[in-house]
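Q: With UniProt numbering as the guide, the letters of the sequence shown map in order to residues 1 to 218.
It should be emphasised that the hints constitute simulated quantities derived from the structure, not laboratory data.
Only true hints are included.
Cβ pair distances, simulated, as ranges:
| no. | residue 1 | residue 2 | range |
| --- | --- | --- | --- |
| 1 | S66 | A142 | 30 to 40 angstroms |
| 2 | A10 | E118 | 37 to 47 angstroms |
| 3 | L35 | S15 | 13 to 23 angstroms |
| 4 | R90 | K60 | 53 to 63 angstroms |
| 5 | K69 | V178 | 21 to 31 angstroms |
| 6 | D39 | G87 | 36 to 46 angstroms |
| 7 | R103 | K69 | 29 to 39 angstroms |
| 8 | R90 | M58 | 44 to 54 angstroms |
| 9 | K193 | K8 | 51 to 61 angstroms |
| 10 | R190 | N70 | 37 to 47 angstroms |
| 11 | G40 | N70 | 20 to 30 angstroms |
In this text, a Cβ means the ideal position worked out from N, Cα and C, and glycines have one as well.
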Amino acid sequence: MLRHAVGKNATNHASDVKVIQTLLNTTHRNSSKKLLTVDGLYGNNTARAIEGFQSRFMRKPDGVISPYKNTIKRLCPTIYSNPTGKGIRRMDPYGSGEYGASRGRRTHDGVDYSAQAEQNVVAPISGRVLRISWPYASGIDANVLEGVEIEASDGTRCWVWYIKPSVNIINQVVKAGVSVIGRAKTLSNRYSKNITDHVHVRMQTRFGSSVNPSTVIK
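Between the sequences and the hints, there should be enough to build the whole structure, so can you do that?
A: Below, the structure is given as structure tokens:
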């Protein structure tokens with residue numbers, strides 16, 4: 001979620017500072033504190049806001065927010081949500097949407113959540129949208145069936161496929177179950193009308209181990 005540390009004597013890359021400013025503003029919306037300007041510039045206001053947030057759980061705030069550490073995890077807890085609000089894709093002529101389901105010589109590396117074409121799709125995990133992702137390099141609708149890659153504060157990576165991503169979604173901070181990340185697209189053009197339209201969700205830990213999404217999305 002953070003590529004570099006933000007705070008005192010840190011690198012303070014603009015994109016990372018914007019993430020922290022956005023998250024700090026979220027913690028302040030229900031208080032009388034003035035919201036930060038999300039401009040990517042690390043200044044006195046952002047420095048004070050970081051230390052103010054850390055003072056809630058640290059005896060001596062250090063004013064630094066580092067990737068995968070305690071402060072960023074508290075600012076943006078790793079939570080999960082069903083991206084379509086529908087069940088896991090049941091068996092159809094192309095297989096089941098369950099994690100580990102047979103795909104011929106391989107097994108299914110994610111979970112397919114049934115969807116209605118053009119419905120809104122929400123983030124299945126809280127974090128930062130890193131990039132647009134394409135599940136297919138070529139073939140019918142390869143340029144239509146897109147996706148996004150999201151990284152959570154603990155380093156969990158999540159790929160969401162078969163959607164049309166929302167405009168300007170890259171680098172946005174998203175909240176599981178709340179933030180719309182795109183619209184579901186039909187798979188019937190690439191396969192046939194016998195396939196159940198769905199959104200594919202794949203996850204892995206910070207260290208690259210595969211995660212069964214159905215164990216964390218309840």
